[in-house]
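Chemist: Residue numbers (our numbering), protein chains in the order written: chain C, 246 to 482; chain A, 12 to 794.
By construction, these hints were calculated from the structure, which means they are not laboratory data.
Careful: at least some of the hints might be erroneous.
[As the list claims (entries may be wrong)] When the alpha-carbon atoms are kept at most 27 Å apart in a straight line, the in silico DSS-like pairs for lysine-lysine are as follows:
1. Lys327(C) with Lys326(A)
2. Lys526(A) with Lys228(A)
3. Lys170(A) with Lys101(A)
4. Lys326(A) with Lys442(A)
5. Lys634(A) with Lys490(A)
6. Lys632(A) with Lys490(A)
7. Lys301(A) with Lys327(C)
8. Lys632(A) with Lys101(A)
9. Lys327(C) with Lys14(A)
10. Lys327(C) with Lys13(A)
11. Lys431(A) with Lys779(A)
12. Lys469(C) with Lys432(C)
These numbers come from a predicted model, not from an experiment.
Residues per chain are reported as follows:
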Amino acid sequence: MAGKKMLMKAEKISKYYQMGEVEVRALEDASFEIYEGEFVVILGPSGSGKSTLLNIIGGMDVPSGGNVFFRDDEITLYDDSKLTMYRRNRVGFVFQFYNLMANLTARENVELASEICENPLEVDLVMAEVNLNDRMDHFPSQMSGGEQQRVAIARAVAKNPDILLCDEPTGALDFKTGLSILSLLDKVNKKHGKTVMIITHNAAIADMADRVVKMRSGRIISDKYNEEPIPPERIVW
Amino acid sequence: MKKFNLRLYRHIREAKGQFVAVSMVVAVGIMSYVAISLAVMDLEVGAQKYYELNNFQDVSVELMKINESGIERIRRMPRVESVQGRVFFKTPLEVEDKDEKVNVGISSIPEAENRINDLYILEGGWIQDGRRDVLVLEQFAEARGIEVGDVVHPQIGGKEYDLEVKGIAGSPEYIYLMEDEQNLLPQPTKYGILFVSEEFAQQVFGYSKSYNEVLIKLKNPDEDGIFKDELEKELERYGVQRIIRREDHMSDRIVAEEIRGAKQMANVIPMVFLGVAAAIIAIMISRMVKNDRTSIGVLKAIGYRNRDILMHYAKHAFIIGAIGSLIGVFVGYLFSGPMANLYQEFYRIPFKVRIFSWNYLGMGFLLSAIYCIGAGLWGARSILGIMPAESMRPEPPKKIGKTYIQRITFIWKHISFSWKVVWRNVFRSRKRFVFLSVGIAVTFATALMPAHMLNVFEAMFYDQYGEFMRMDYEIAYTKPLSEHSVMEIRELVDVTGIEGKIEFPFEIENGWKSKVVSVIGLKPDTEFYNLAGSDGGILSLSPGGMLISEPMAYILDVEKGDIVNVKNFIPFKDDVRIKVDGVVKQSLGLNAYLDIDFMQEKLLDEGMITGVMIDSTDRVKEKMEDVKNVSSVNSLEDLKNIFKEFTKLTYAGLSVYALFAGIIGFAIVYNSTMMSINERRLEFSSLRIMGFSKKEINRIVLKENLIMTAFGILLGIPLGRWLMELLQTSFQTEFYTMTAPVETNSYIYAAGLTVFYVLLAQYFSSHKIKRLDFIEALKNRIT
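Take these sequences, add in the hints, and give me the full structure.
Modeler: Below is the structure:
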């Protein structure tokens with residue numbers, strides 16, 4: 246992609262699991278690149294290997310074969326401690342089920358992540374960005390699903406990562422709340438210039454992406470640029 | 012505060028009941044360690060200081076008679092630093108109640124400076140008039156209410172003396188006052204010591220310028236063994252009865268045994284408690300890690316390192332240990348004061364010694380930190396294996412087959428639904444089942460201890476003074492008398508049975524082991540001693556053969572068929588080698604038994620006895636009161652009564668163990684139940700939706716706990732039996748052996764106590780079920 250710097254590159258990555266006597270091939274020869282500032286959607290039905298791909302890119306899992314690069318560094322050569330530092334300083338995760346710490350408030354959940362990073366953002370500012378100033382001292386059990394996902398996004402963004410990896414971020418939310426979360430992610434991408442990668446089975450979300458990578462049965466079946474991404478408010482499913 | 016630490020703090024606060032329960036276990040362990048260690052150190056240092064201040068003897072000698080020149084000979088021996096002759100005799104003391112037989116040891120005390128076994132004057136002053144002043148031993152004065160200025164009346168050689176009490180004194184020789192080895196328990200109202208001037212003692216006992224005891228201080232106290240051999244040779248002609256080294260001195264020995272036993276306790280108790288705490292912590296943390304699997308994955312995804320997360324859980328364990336040990340150290344330190352006072356009251360050390368040692372406090376803290384952090388890390392070790400990616404996925408449902416009980420279809424068909432839930436859970440959560448059962452078994456075994464120990468003490472004393480010794484009265488002479496004296500006593504008192512006996516100290520050697528013991532000469536067909544072996548079979552006394560008591564067999568490592576050497580200090584008598592014919596079932600006292608005729612012929616003089624045993628319903632004490640040459644009349648009933656007093660005191664001490672058992676049992680059951688409820692929120696919520704009431708769910712948990720309690724108690728029976736045997740072996744001293752079997756009532760008591768603690772823990776954990784928000788539990792997706 247002319248003019249844009251490459252942020253990540255996956256070269257023929259594969260992941261095999263041994264389940265009893267059967268070898269499960271979750272990912273096979275997947276290659277693609279992500280550029281700085283891109284909004285990428287990985288689309289595929291469940292079992293297509295998209296979560297595995299996200300986990301490998303995020304340094305949460307290691308591939309059985311192939312190479313993954315973050316800028317010029319090959320993260321597939323990292324040891325456990327380097328991978329941890331990579332996750333700490335370079336990547337922000339947003340999960341389908343928010344995965345907040347139940348006994349910490351919204352603000353504390355965000356601080357839990359920000360206080361270990363090299364270059365975190367101001368927590369109050371991030372909380373304001375996700376519209377949670379007035380809910381900062383609430384515990385997750387006192388918040389709605391949408392609010393909890395906002396906290397999860399704030400937690401990821403506050404680390405000031407290079408890439409935001411979101412695993413079905415709207416999967417547990419209703420349509421309206423899901424849209425608001427997509428808008429927030431769009432804002433993080435457009436306003437703050439963060440690279441965002443969403444994996445989803447919801448084809449409608451692909452319409453807002455700069456690039457859409459489609460997967461099926463562990464393989465990438467297409468990798469296309471979206472000529473006219475639409476704003477998230479116009480998405481319907 | 013770092014948010015990760017804040018999470019830990021809130022976690023602890025949410026499960027504060029569990030936290031407190033485990034901390035208590037740690038606290039009790041550390042408290043016992045600190046309190047006992049500090050108090051024992053006070054006792055040990057106090058006794059040492061007392062010995063140094065008052066010049067306590069290294070060696071003493073009991074002999075027939077030694078004059079000044081004999082003392083001089085000892086003084087000239089190269090290893091001797093100082094020496095002191097003493098006249099010592101036991102005599103009756105006249106008291107108001109004519110039925111009461113009180114004995115005193117009359118002990119001479121010289122005017123010289125640097126006296127050996129010097130007295131510590133507590134009240135009044137020193138002897139002024141050597142002919143009529145007396146100093147009284149503190150314990151005896153206190154027990155009998157004797158005060159400075161009172162007059163006491165010892166009977167010496169049939170004559171009553173009126174002596175004025177000039178002072179009350181303590182003596183390093185009588186920190187623990189025992190009349191002899193046969194009377195293990197102190198009886199300060201029945202036996203005391205009067206200290207008189209040397210001049211008075213020598214005159215009234217007919218020892219002009221001579222003594223019957225010698226006290227010696229050595230230049231190097233560690234050489235008392237070699238010195239003893241040298242002294243034996245040096246004093247051959249003085250009729251040595253026995254030479255007592257410091258380690259054989261009765262009072263010092265008892266104190267040393269107490270210190271040894273207490274130190275052992277100070278090491279064992281904290282290990283048990285910290286072991287239990289460590290087990291609870293390890294399981295608690297491992298369950299926590301299991302429940303926090305997703306959270307741990309998220310933390311790893313955020314960028315927390317394995318060691319950060321591992322330390323997070325280890326910190327949880329450490330805080331339990333730290334809080335527990337801080338409480339333990341503090342309360343232990345507070346308790347050590349009164350405990351040391353009790354020690355110093357019981358073992359009469361006239362001044363208080365309080366030593367503060369950071370070592371024990373630091374060690375207490377360190378011990379609990381090591382145990383708890385170790386347990387925490389062990390429990391949390393599975394963190395290392397959690398892959399962040401995997402942990403985000405829900406765990407696949409476990410493959411669950413039919414439990415054992417489900418396979419017995421005949422029974423399973425007839426069980427109600429709620430009982431099915433109970434049985435299934437008991438058999439499915441095997442780790443919990445094992446943990447709880449073992450925990451209950453430990454509780455049961457600990458609770459068994461107080462009940463069993465009381466039985467052991469009772470058995471020990473009742474066996475000794477009912478089964479083993481069967482006379483009504485024992486009369487001891489002041490010196491060996493002819494066998495004709497039996498006839499004289501028979502004329503004075505109405506008796507249904509009477510036998511003469513010899514009781515005389517001899518040193519018995521088996522290889523390098525030796526011990527001075529009371530050797531008792533009896534008629535082979537004696538009716539007053541039940542000389543039975545451990546199998547109950549009667550052992551016979553035969554000329555040339557010896558029977559020995561169990562404690563003696565233990566000390567000298569002797570068994571049937573061995574040949575021992577009886578050292579004879581009596582002038583013109585040789586040592587005798589005698590074969591051991593059997594070991595007598597006697598739990599109290601170091602004794603050897605010989606045929607009386609054989610003993611007279613080989614060891615003493617023919618036709619001489621040192622006392623008689625009688626069966627009588629007559630007023631024996633009253634009638635024997637003025638009889639010449641009688642030093643003491645003891646009834647078995649008196650000894651039993653003393654024991655009854657003693658057991659009352661023991662109850663208090665043993666109840667502490669019952670409480671200890673409770674703390675262990677409570678902590679285990681409470682924690683395990685709380686963990687179980689926490690993990691089964693979904694299951695209980697589903698039951699609530701199905702229509703089960705909170706009470707019914709509580710009942711399910713109670714039934715599970717009771718089933719596991721029953722298994723635990725069954726497991727606890729062999730464990731308890733093993734523990735009691737271990738305890739009996741470790742309590743075995745040279746004064747007694749404990750061999751009583753564990754009785755059914757002890758098991759019932761321990762089981763009752765265990766069930767009580769389980770119910771208590773159940774009661775305290777039931778609020779968790781009451782507060783269970785089942786709708787929240789069912790919809791919750793927060794980690």
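Chemist: Taking the earlier hints as the rules, which of them does this structure contradict?
Modeler: Hints that this structure does not satisfy do not exist here, as all of them hold.
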